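A.B. asks: If you read the sequences in order, they're chains F, W, S, C and L.
Position in the first sequence (from 1) plus 90 gives the number in my numbering.
Position in the second sequence (from 1) plus 9 gives the number in my numbering.
Position in the third sequence (from 1) plus 134 gives the number in my numbering.
Position in the fourth sequence (from 1) plus 899 gives the number in my numbering.
Position in the fifth sequence (from 1) plus 302 gives the number in my numbering.
Treat the hints as calculated values from the structure; they're not laboratory data.
Remember, it's a predicted structure, so these values are computed and weren't measured experimentally.
Ideal Cβ placement from N, Cα and C applies to all residues, glycine included.
Hints are not guaranteed to be accurate.
Claimed, not checked - Straight-line alpha carbon distances no greater than 27 angstroms define the calculated DSS-like cross-link-like pairs of lysine-lysine that follow:
hint: 1; chain 1: S; residue 1: Lys-403; chain 2: S; residue 2: Lys-229
hint: 2; chain 1: W; residue 1: Lys-144; chain 2: L; residue 2: Lys-378
hint: 3; chain 1: S; residue 1: Lys-472; chain 2: S; residue 2: Lys-490
hint: 4; chain 1: L; residue 1: Lys-531; chain 2: W; residue 2: Lys-183
hint: 5; chain 1: S; residue 1: Lys-472; chain 2: S; residue 2: Lys-229
hint: 6; chain 1: S; residue 1: Lys-373; chain 2: S; residue 2: Lys-403
Unchecked claim - Residues of chain C placed beyond 12 angstroms of chain S at every Cβ, according to the derived structure:
hint: 7; residue: Leu-929
hint: 8; residue: Ile-958
hint: 9; residue: Pro-997
hint: 10; residue: Pro-1071
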Amino acid sequence: MNTFLQLVVNGLGKGAVFALLALGFVVIFKATEVVNFAHGSLVLFGGYLVVVTRESLGWVGASLVGILSAALLALAVERLLLARARSADANSLALLTIGLDVIITEEVVRRLGVTLPFLGEAWDAQPIQIGGITLFRTHLVALAVSAVLITAFFLAFRYSDWGVAMRAQAENREAAALMGIRSSRVTATAWLVAGALAGVAVLFIATQDFSGAGLSRGTHSIALAAFPAAILGGLDSTAGAVVGGLVVGLAEALSAQYISFDFSKSAVFLVMLVVLALRPSGLFGTRESTRV
Amino acid sequence: MLSVRNLQVRYGRSVAALHGVDIDVPADGVLAVLGSNGAGKSTLLRAVSGTLRLHRGSVVAGSVEFDGRRIDRADPAAIVRLGVVGVPEGRQVFARMTVEENLRAGGIGARDATRRAAARARVHELFPVLAERAKQRAGLLSGGEQQMLAIGRALMSGPRLLLLDEPSLGLAPKVVARIGEIIREIHAQGTAVVLVEQNAVMALRVAEHAAVLEVGRVALRGTAAELAASDDVQRLYLGGHAESWSEAHWRHGGRTLARWER
Amino acid sequence: ACGTKGGGSGSSGPDAEGVRTGSGVTATDITLGVMTDKTGVFKNLGLGITQGNELWAKDINAAGGVCGRQVRLETVDHGYKADTAKTLYPQIEPKVAGFVQMLGSPVVAALKQNLLSDKAVAAPASWSSELLDNPYVMIVGTTYDVEMIDGLSYLQEKNLIADGDTIGHIYIDGEYGQNGLRGSKHYAGKHNLTVKEVKITSTDTDLTNIVTGLKGDGVKAILLTTSPPQTGSVAAVNKALGLNVPLLGNNPVFDPALLKSPAASALDKLHIVASSVPFSADLPKAKDVAAKYKAAYREPANGGVPYGYAVGEVWGTVLKKACENKDLTRDGIAKALKETTSAGTENLVAALDFSKPGAPATRQVYVAQPDPGAEGGVRYVKPLFEAAEARDYVAPHQK
Amino acid sequence: MSDVVAEKAAPPKIPSPARETGRGRWVRRLAWVALLLVLAALPLYLEAAWLKAGQYVMIGGVGAIGLTMLVGQAGQLSLAHAFFLLVGATGYTVLSGPADDERVFGLGLDPGLALVGAVLTAALLGLAFAPVAGRLRGIYLGVASLSLVFLGLYLGQSAEALTGGTSTGRTPAAFELFGFPFSNGGPEIELLGVPFRQAERTWYLFLVLTAVAFLLARGAVRGRVGRSWRAVRDNEAAATAMGVDVTRAKAGAFAVSSAYAGLAGVMTALWFDILKPDESEYGTYGINVSIAFLAMVIIGGLGSIPGALVGALIVHGLPQALALYSADLGLFGETGGSALTPALISSFVYGAAIVLVVLFEPGGLAAIGRRITSRGLSRKPPEEDPS
Amino acid sequence: MSLAPLRVENVTLTFGGIRALDDVSFTVAPGTVHALIGPNGAGKSSCFNVISGVYRATSGRVLFGDTELTRLRAHKLAKIGVGRAFQNTALSTRSTVLDNVMLGRHVLTRGGFLTDGLRLTAREERRHLARAAEICAFLGIGDVLHVPVAALPYGAAKRVDIARALAVEPTLLLLDEPAAGMNAAETAEMAATIGDLRAALGISVLLVEHDMSLVMGIADRVTVLDFGKRIADGSPAEVRSDPDVIRAYLGAEEPA
Ligand SMILES: Nc1ncnc2c1ncn2[C@@H]1O[C@H](COP(=O)(O)OP(=O)(O)OP(=O)(O)O)[C@@H](O)[C@H]1O
Ligand SMILES: Nc1ncnc2c1ncn2[C@@H]1O[C@H](COP(=O)(O)OP(=O)(O)OP(=O)(O)O)[C@@H](O)[C@H]1O
Ligand SMILES: CC(C)C[C@H](N)C(=O)O
Ligand SMILES: [Mg+2]
Ligand SMILES: [Mg+2]
């Protein structure tokens, strides 16, 4: 029983970070219908800047720099590349981000060289014991941060003009432009925000508690693992990101113990396949419906 | 209010769509623009609303002025803020958003909340079906309902100049007539209108002035009444049906097709 | 038109001293191949081994070379990619007598057929006894299975485990992990231990859920055939969950960088079993190599350096034997390898015996523990030894 | 009336290029034949290492042709290509493997039959995935298909009797046709003083396989099947109204694409002389391979068959060529942590190629090629659907 | 060629709470042009969609001769001779006109991946290409066969859509607003084309159209829908003077 509880706690803790990563996909998808395959490289980039500046700025300052620079890189990507490919459709742009991801990732990994630094200074590997259960601090902080950010986004999408403008211009840029929606500003904001989310996520990912490894190519793979989370929740749904993240975290933790560890990665994808077979646009995604 | 001078527009590197167009819309006037497929009507509206770029088009020469301000290089949002709002060809509602959200998106250009509420009430009054279907996904509306939504959406920001690209497309005759009235009403409340139409009967009835575009040039221009009386317009756009049908038959050349094999 | 491609470079007749020569051997030079990873995931290790190889070549050439010939190294970088290696191999193969380094299990696996058909002797930087079905493979040191057997006997000797206990073994799927597992199963069979096996992949780094499960199983020790970050994760969770059992790992599980990670404080439970010495080993030869290294290179060193040097020494022994046999062809080198029964490296690794097909060349190991105070990060807790269970262990391809 | 009617306007001008002039077609055909002749003569001149690299490009080409039909023509995004490669490789190895091996399972079939069997197996598995794929669109389909890669690796690792397992893998039977071995075995052949051994023989085998794959695909894409795929891609309702069974068309595209991937898998096993499922998601049959194939297809131009070959040349050929050159010229001497290396440079190049193609030439290199070749022959509008 | 009547019998279609079609019945007699008109949102397109199998009727059935269309899978309709053009053209815009029209030959041809790949169908393909070109010529788009549809003006694209529907060699042609977006002269030409079609081929045409000049000019019979219900059915003259139709659809003013 203790084992089960501990696994659930582990799963939820990781799920919170997966939710944060999935939210990054969701924000951009909602604004542009582009699936950002380069999210993993934004995560890496943010982490890399933390590493570079930590010596001189300390953890807090470096973290802010990391978040900001991931955000700015995302913004630059949008402004310098995607915005210039106006004629390309969302799917081609998604493919473009694959190319970008390759470049940024390889460059950051090259620059990291042999160092694989951990980022979770303030809390890493300092667990708290309650009863027979161990609570990892990274998980606790991540849960709190995710809860705050996700609630904020949920409200913004639902109730602000920004949310409406975002969806409008994602669907039809010309019509949105005719409504006075500055689509460039909306998309740029979305990328900026998604980049910042990536910068926040990496602070949790490159820790002993979360990934067991410092900043490295593996950090990028974890962002990739958030993909099924975003998809099974529904790519355009904030609630979906939360549920998807937690489902992935739990599926991974429980299948590792009760089926086998090497199956756990497949288990995540299998859960996703089952969900998609029943609901082709994910649990909370907007169903595709067209008419002639 | 709107003055277009020697406007030349190109798509991509090779397609020239407008070859020097001059158009004037007086404050609170209604200008009808007629022309056959591909004449450049939509291109003209795109140049005014600043959306050419979205179609890989660009203004090569000439100018567009609104209230004395050059807008041919301005971005669409800035143009909307000046009070120029367009309804694109083929409705282009936000298919995945609800009717209500579509209207909301239309109001984003207008900052002030009371104006928004008033505009919404007015749109609902003009198009009651939009109130009924507030929660329905816009993409699932019928063609005509979508057209109404598109016009309603444009009215949400209280424009001073409304650009309508073939609003009667796919609408029932009764609704076409109703749209005509609505345009007149909109006009009566002080909004100028540029109305691109295939339905010349309606357009010429609503408009004060009219122009006919042919292959990127203004071929004819004058008051609506003058144009309605012109031979070419009669034949091509108003359709004295009996003659033009036989003529069409002649143009069609009595082509034949071998019978099906099945 | 006529093809411009040269013919084969098969063996040629004997030279003036009656030594027959083949690929990679001229009157003045013997060329050995280095297929290493300078750019992929094992670039650190690859670099260390290559530098060890180079130091050895410099030393032996300074001492007059082998068989009157200077040793030259031909190096290619496959970036730990089997596809690149597969293309580079036909380019380098005609130029060399054999390979002083062939790094990476996927690479060795992909080139197995080539080695067989070209009869080229290669020293893999990969220590799985599964590779020994290929007579041209020359493993310098013992193999992962034997390391585990020796290591378990050490734990039992220290009363850290007892007959009938349950132990966990976390291993990377592939020849590395599976070979380690083979060892622990052998030992478990002899001592009635229950082994909870957990298969992982090299890219997994968070092993929290595994250790949570093993804790539920009540394990008394956890065996690791993993990568260093994985070792760190297990160690940290072992402590966090209050499990605190001893950890026993194969040679590759440790990297000094772990001592600077958040897991550092949890590493006291780790025991490392290895058959080649660390860079800073307190042995005359190791100190000699270390000193030469520091004089020649700037990069921080690792255990690859003494190992690379040791491989060179073994190759030197084999080439000398082939020279005595007056046969420096590929066949002659392979024959000389089989006749090498005790290649000494001044204890960089234990003395090696390549005469028994399919059997590891030695079964002796060291046991070490992490120690932030020691140079290179580890300190010996037990010098070279061989457990009784290792002695009667039959490797998979052992005849 | 204020203005008068301006000059009578001409009807809108529409470009109306001829399909292909007779001369143009012949020039094109001759160019293809010339290319084929050059490729056939290369073993006389190229060293084995370069032949090996060329074969790797052909593996990429065959796989990419399959994928471009699925993604570019039928509009079904798939990241499952690596999985079908694994299926093909395993299929061939099992079917042709010796029946009396106690460690691994084999059927001892003739290698030629085994190749066909492996391709069919891959096609059938592609078909089996079709019901799931049929329900999904766009990116959802892409990520769903990615699950196949993970599940496939898991199964491949578990089914040691078939794959040989991750520890040692297993050796595939050398390819043979009518008793002639495509290996170093069999009769010693020499042509113009050049010995024809495994590298040379395999070159011809791969060349024939690639040519067949290419011609079949080109024919199909230009014909009825290709039309139905494009219709499904562009508008399912319209396709249905024209009598296309959308479900079947999609399933067919999946089957064909999987068959091509299967063939590429067989070639992969032959090229490596080993079948070994990867132990992690990166490797010979991992997600990076799926992405590399997608890159080839994008760079070449979605849906273009010749483009797929060019994409393969860049994505599969460049790293190999750089590695070989670096050895030849002593380039990339720098070592250690952050060295620029052939693999890294290739990654940058193919990453950048994707970005540039999407930004500036969504039709990919194929579109550029079409523009160059059509200049002077016949002017085709650039946006035209590639085939 | 045997012509069969199309019988729509008591079809009801609901979307959630919306009754798009409410117990609608009418018959398209063989060889006639039958118009379906009604206000926006009346259910005309929905009716087309039920007939062509895109939507499944909540109740009721559609018969084409003896075949119950409502039981067929949508893609089977082309095979039995039902061709359809769309309200907003649904073409592959990057493909050429000929390629689009050739899609219409799908059910009349055979060929799978291997046969096409080996070009075993090449001869047959050439024959069908010629036929497709002939159909295009008939519709006045014979000089743009190799132009991508994206480069065509709207009016020409509409013709491509119709050509594609004709390429199926249908005995029943469904046209959804063929004249939308056309000016009076172009509309007249379209009307002439439809007339020619019937004359040349003797097929039945069911069309939806808001342009009363076209409907009244060429339809043999007109069915009027309003709020999903049939409110009139008769000759153009009858319908035109029907007070319900005037109230619901035409309006007081003379239609354009
Ligand atoms: N995005 C584009 N790219 C290239 N050419 C274009 C583009 N849009 C329009 N054109 C061309 O420009 C010319 C004018 O087109 P425009 O759409 O303005 O005509 P229109 O008068 O609105 O016709 P319609 O009545 O069909 O709407 C046409 O020849 C058309 O083919
Ligand atoms: N898929 C759908 N889901 C929900 N409602 C739908 C759907 N399709 C149509 N409707 C509704 O059914 C009603 C009939 O629509 P339909 O498209 O058949 O009208 P129509 O007669 O073709 O109108 P128009 O002349 O404007 O094209 C409309 O109210 C529309 O909103
Ligand atoms: C440490 C490594 C070089 C050895 C390991 N067996 C491998 O995968 O290659
Ligand atoms: Mg227009
Ligand atoms: Mg309709």
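A.B. asks: Please go over all the hints and tell whether each is borne out by the structure.
C.D. replies: Verification of the supplied hints:
1. For a cut-off of 27 angstroms, the pair hint linking Lys-403 of chain S to Lys-229 of chain S is broken: about 48 angstroms separates their Cα positions.
2. A C-alpha spacing of about 35 angstroms is found between Lys-144 of chain W and Lys-378 of chain L, which places the hinted pair above 27 angstroms, so the restraint is violated.
3. Restraint check for Lys-472 of chain S and Lys-490 of chain S: satisfied, since their Cα atoms lie roughly 8 angstroms apart, inside the 27 angstroms limit.
4. With a C-alpha separation of about 18 angstroms, the suggested pairing of Lys-531 of chain L with Lys-183 of chain W holds against the 27 angstroms cut-off.
5. Between Lys-472 of chain S and Lys-229 of chain S the alpha-carbon distance is near 23 angstroms, which keeps this suggested pair within the 27 angstroms criterion.
6. Distance restraint check for Lys-373 of chain S and Lys-403 of chain S: the Cα-Cα separation of roughly 9 angstroms lies within the 27 angstroms cut-off, and the hinted pair is therefore satisfied.
7. With a cut of 12 angstroms on Cβ distances, Leu-929 of chain C stays outside the contact zone with chain S, its closest approach being about 20 angstroms.
8. Some Cβ of chain S comes within 12 angstroms of the Cβ of Ile-958 of chain C; the nearest lies about 9 angstroms off, and the non-interface call is violated.
9. Once the 12 angstroms rule is applied to beta carbons, Pro-997 of chain C is consistent with being away from chain S; the minimum gap is 15 angstroms.
10. The Cβ of Pro-1071 of chain C does not lie farther than 12 angstroms from every Cβ of chain S; its closest approach is about 10 angstroms, which violates its non-interface assignment.
When held up to the earlier numbered hints, the structure conflicts with 1, 2, 8, 10 and fits the remainder.
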